[in-house]
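Colleague: Letter by letter, the chains look like this.
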Amino acid sequence: MRGPAVVVRCRDASSPWLREIRAGMEEEGVPVLVEEVSEGDAVALAFAAARLSSLDVGVGVADSVCVHHAKRPSGSPVLTGPLGRARVLGHNAARLVVGIPLK
Amino acid sequence: MALVAGVDIGNSTTEACVAEIGPGGRVEYLAGALTPTSGVKGTADNVPGVVDVVRRALSSAGRRVSDLSAVLVNEATPVISGLAMETITETIVTESTMIGHNPDTPGGAGLGVGETVAFGSLRDCAPGTKVICAVGAGVDFEDAAAGINAAVARGVEVAGAIVHADDATLIANRLDVPIPVVDEVTLVEKVPLGMPAAVEVAEPGRTVRTLSNSYGIATVFDLDAEQTRMIAPVARALVGNRSAVVVRTPSGDVTDRRIPAGSLTLIGEQARRTIGIDAGAAEIMAALRRVRPLSDATGEPGTHVGGMLARVRDTMSELTGTAVGSVRIQDVLAVDTFVPQAVTGALAGEFALENAVALAAMVRTSRGPMRLLAEELRAALGVEVLIGGVEADMAVLGALTTPGTGRPVAILDLGGGSTDAAVAGDGVVRSVHLAGAGDLVTKLIDSELGLDNRELAEDIKKYPLAKAESFFHVRMEDGTARFFDEPLPAEAFARVVVLGDAGMRPVPTRHNLEKIRQVRRSAKHKVFVVNALRALEQVAPGGNLRQIGFVVVLGGSALDFEIPDLIAEAVAGMGIVCGTGNVRGTEGPRNAVATGLVASHALAVSLETAG
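If you read the sequences in order, they're chains X and A. Numbering of the first sequence is given in full-length UniProt numbering, commencing with residue 1 and proceeding in unit increments. Numbering of the second sequence is given in full-length UniProt numbering, commencing with residue 1 and proceeding in unit increments.
Among the hints, a few may not be true.
Keeping only pairs whose Cα atoms sit at most 25 Å apart, straight-line, the calculated BS3-like set for lysine-lysine is [to be verified]: (1) A/LYS515 / X/LYS103; (2) A/LYS515 / A/LYS462; (3) X/LYS71 / X/LYS103; (4) A/LYS130 / A/LYS190; (5) A/LYS467 / A/LYS515; (6) A/LYS467 / X/LYS71; (7) X/LYS103 / A/LYS467.
Example chain X residues on the side facing chain A (calculated, C-beta under 7 Å, incomplete) [said to hold, decoys possible]: (8) ALA23; (9) GLU26; (10) LEU33; (11) VAL37; (12) ASP41; (13) VAL43; (14) ALA70; (15) ARG72; (16) PRO101; (17) LEU102.
Hints listed in this document are in silico derivations from the structure and should not be mistaken for laboratory results. Don't be surprised by glycine CBs; every beta carbon is placed ideally from N, CA and C.
Pulled out of the complex, with its shape left as it was, chain X reads as follows (with noise of 0.2 Å):
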């Protein structure tokens, strides 16, 4: 059983981006869990991570970062953006999940 957390789906969990997606979802005060999976872009990886998510919402980190929510259509993501912008993008997932707007 897994408590209520954003899942973050990525190919690799030693990426520093996961610390600024982290950073930018406990700034928010929201639970996350991290996955490391094999294969995916990061739209399907963060769909995937969605539907696991008991909050239904998911990150996807491959190239880019992607922000997904499980009642969305698999391929209309919430949110892409380059890794660069990996802790906003943590900031807007968390911002879901609280129901505020994003920034």
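Take the given structure of chain X and dock chain A to it, following the hints.
Modeller: Only chain A this time, still in chain X's reference frame:
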């Protein structure tokens, strides 16, 4: 049988009504149409719009232009209104500053007081000193937390922190001793160092209590009565924030001053009064009542008021070809409002809501250009064109075709630039044209919410609000939910949105739905309810509203989803039946003047045949 078309050229729309007039003046209404007015009302530029609307009304009645025996046009005296707004208070901060901040994520909670010190100098602080640490750009949250923890371990009392980046919670979470942390302070490097300061962060869902209270600040900084008076505007500016910082220098001097905003001279037929704009709307309107009827108004040159009145005069003189000196301001409406203004002397670009007065002014002219308009129209359509009676008389006649009305009836025509009223008693129609209508409401909404976007303000005025609660549904302002098949865009998520005809539009402010709704309703109240009462009072027999039996609300703003209700509520106590018109039982609040023109023409025809 004669086929006629009544045409009403309004400030924003041109309306037509096609009817057949039978023997004895019996009227059979066939169709109506509406189109945007081309050019300024009452000028020859209106011709293309009139031709278009007549053709459209005819085609929906299945007739041709050649069947027409006459086109009846209203006596369209152009009404021009202008708007100006003047700020009348200003908050100035000198030798002392405040940073009022309301980001979504401050860290920690409580009140911390100490001397400001830069993060880099924290290691030089002697044990036992009480400090507020200012963390500038580029410092990582882990380093910031480690630095503060090290200082605390040495015995330095770090009471609070001010941070540049958005990571207050991250820092607070890594501290051994919890302190309040305010983040997203973009100008953190401007915080004066070595000065007494206080940082306050409220628990989630609460607002600061100490720094938003003058006596709270006085307690923190040990101020005397005179100094407390000076700091009062700072406390006021921080009300409602979840976090705040106040930095004080020993010779602090914060003032709240009244700006001389220019004066307005109201010239009545018998009396004249000069009143300062900074006296406020109530005083200006009271002065107006004392000099009524107004024959002109002038503003002090070099002020906004002076400039606006001059602009209205210039535009009018250009349109009508009359000399600037002979253009008269016929009415003004003053409204108290608020404008967000940058606090003078503040360091972090803070804004405070300053008092302001908005003024609408109106000019009315002669029917000069109407003959030219009629001639060009005659040439364009090849049909006889008759200039009909006074607009107010026609509107009353048209309004009376609303099912359920009777005399004595009053009409309120709520337009974009002016509010018109007329009362038909025993054969005579009395009417007034007042300044202030839809455009002023839009301007008030725009400035009070600090939108700086007229188009968005217009949408907020016209359509109900909702809050996007998920990607697939919104909660309307009345509490009902509405669902969508397609996911809503990310920028609408958790925001207040306006549900217009063209779709959903996010309102990019921090204001919540209730605040936006309240600003919208109060702007409508300040303009339309005030003007409705003012107008009815001037046309009612003996100035007594109770003498009016029926009020029919007409015009574009009568289609608004709440203005007619606000007015009905305001006059309900006087035993008046008030509602939105439904001209000919089919046209709603539109087409009253066009219909009135036809009715009046039919009456004239029947009198002729009888005589």
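Colleague: Give a verdict on every hint.
Modeller: Hints versus structure:
no.	hint	result
1	A/LYS515 / X/LYS103	holds, 21 Å
2	A/LYS515 / A/LYS462	holds, 16 Å
3	X/LYS71 / X/LYS103	holds, 21 Å
4	A/LYS130 / A/LYS190	holds, 20 Å
5	A/LYS467 / A/LYS515	holds, 13 Å
6	A/LYS467 / X/LYS71	holds, 19 Å
7	X/LYS103 / A/LYS467	holds, 17 Å
8	ALA23	holds, 6 Å
9	GLU26	holds, 6 Å
10	LEU33	violated, 18 Å
11	VAL37	violated, 25 Å
12	ASP41	violated, 19 Å
13	VAL43	violated, 14 Å
14	ALA70	violated, 10 Å
15	ARG72	holds, 5 Å
16	PRO101	holds, 5 Å
17	LEU102	holds, 6 Å
Of the hints listed earlier, those the structure fails to meet are numbers 10, 11, 12, 13, 14, in rising order.
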